[in-house]
Amino acid sequence: MTTMTTGDRLVDYDEVLTRYEPVIGLETHVELGTASKMFCGCATTFGAEPNTHTCPVCLGMPGSLPVANAAAVEATIRIGLALGCRIASWSRFARKNYFYPDIPKGFQTSQYDEPLCVAGHLDVEVDGREYRVEIERVHLEEDTGKNLHVGGSTGRIHGADHSLIDFNRAGIPLVEIVTRPVPGAGAKAPEVARAYVTELREIVQALGASDVRMEQGSLRCDVNISLNPIGALELGTRTETKNVNSLRSVERAVRFEMRRQAAVLDGGGRVVQETRHFHEDTGTTSSGRSKEEATDYRYFPEPDLVPLAPDADWIEQLRAALPELPAARRARLQQEWGISGTEMTWLANAGALGLVEQTVAAGASPGDARKWWLGDLARRANEAGTELAELPITPAQVAELSGLIAEGTINDKLARQVLDGVLAGQGGPAQVVAAQGLAVLGESDELVAAVEAAIAGAPDVVAKVQSGKVQALGALVGAVMKTTRGKADAGTVKRMLEERVLSS
Amino acid sequence: MSSISRDDVAHLARLSRLAVTDEELDRFAGQLDQVLAAVARVGEAAVADVPPMSHAVPLTNVLRADEVRPSLPRDAVLAGAPAAEEGRFRVPRILGEEE
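Chains as they are written, first to last, in numbering that gives the first Met the number 0: chain A, 0 to 503; chain B, 0 to 98.
Worth flagging that the hints you see were computed from the coordinates, not collected in a lab. Note that this is a predicted model, so its numbers are computed, not measured. There could be a bad hint or two in this list.
[To be verified] DMTMM-like cross-link-like pairs, simulated, lysine to aspartate or glutamate; straight-line CA separation at most 20 Å: (1) A:K241 - A:D280; (2) A:K241 - A:E279; (3) A:K145 - B:E85; (4) A:K145 - B:E84; (5) A:K370 - A:E382; (6) A:K187 - A:E133; (7) A:K187 - A:E26; (8) A:K95 - B:D7; (9) A:K145 - B:D74; (10) A:K241 - A:E214; (11) A:K370 - A:E406; (12) A:K241 - A:D101.
Make the full structure from the sequences, and use the hints.
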């Protein structure tokens, strides 16, 4: 069965898999978090006034000469090592020649046939099964400037009157990680693609090589998809979908292209090898007019930059300094916390792993730390439409909150009010407790007064309790809790009432 | 034998965004052919045990420390631009290209 959406015929997803085997491939660009640009000393800070981070080198002025950033080269090698790549002992930059307004030199300094890292792999897990994604290459290049299209209705290129260029981003180091085609994922192809980008993002983050924020474009993904008729020997024609700017979109883009290509093939047509654009709002892709003569980049070795020849000592030094990688860390924490693989996946998917780890390090029990981050805090982040890590509360504060409960200063109910206070910027948990008087009342004068008032105010209930209906005591407990606005400990209140009502 | 055709020159001119007349195509094809023939003589010296060279100096790993240095003042950056607007380089409508 096929349906029509935005002009494309689509085959039902399950049906696609009865006739075709999807093959995916991913090209991921990561903007490195270096302080200065790839070939000059201009700052890389995001969000600066347009064209204030530019110089003769990144503007492509005649006579200016580039010098490669050591930190960017090392970050690329470290990414390669983390992906199990072989680090080339000889690597060169190359000019990728094309004209576009956001590329001031008329070429992008990139790498062609001699990338820094080759032949690695990344294993990802989807629904308990492991999939190996082979890495073809990891190479270093530079980012382009940013175009702002003016005069069109939506800031898009079509219908624009003219364009404005900001070169602050031009020359920021960019690492491109290219996978080999990944067959064999079948129905799970969309999830495998997403799991790969997720894991890659975590690795780059663990290395401290980039802030990998997809919404700010510091991690960008192009998704290649083709379908092979089941049993066919030759590979299908692939499309390359760009503009995939979230993890969820990676999955949606693969799914959509599988359904669209299946409809084309079912109809006896041929899939056109082309660049397509993903549309976040509709979850669809559309044909992008391909860059004229796009494949004719006339690459040649960059004469202004000497080759990179990392020796074994340098590489081993970088390897030895690699941090614990995410997969190893997850395995260790799962064991330390004594939780199941499923729970671990929840924590990782919620982006809570580091937060829970830091909360435990700050003194909370693993169980309490998980309860707060996956419970109340996850709900609040969800309500606020933000990430857990963006909530204005630190792991140390969550541990403090947990400690206040453990020592009996507050109960769970009060803890939620304390949480409100902390999230509202009123200070740490202890400060909020003190400022709002939220601590659980001990057997204080205030509580004694509340208990005695409850007894005096309900002689009928007291009589019932004394006649043997002990469960009627609940009404008195409720009255005390109400007077104290939930600050009393219910057990303490019950005991105090019993002492007074039953012994008299 | 000619190693570069008129079509090759037209193709390269397009990639380089150069407007070349028909008469120029013929002339450049001939001239470029001579240039290529001259360069091709390098092949006569390039025996099997001489690796191709891309750099005249035997240097590798020339790197700079990751340190921020002052950028140009924006006025200076935009001073040479044919047109500028809102602190950015202004360029004509971009046609026939993807977003």
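- prompt: What hints, given by number in increasing order, does this structure fail?
  reply: none
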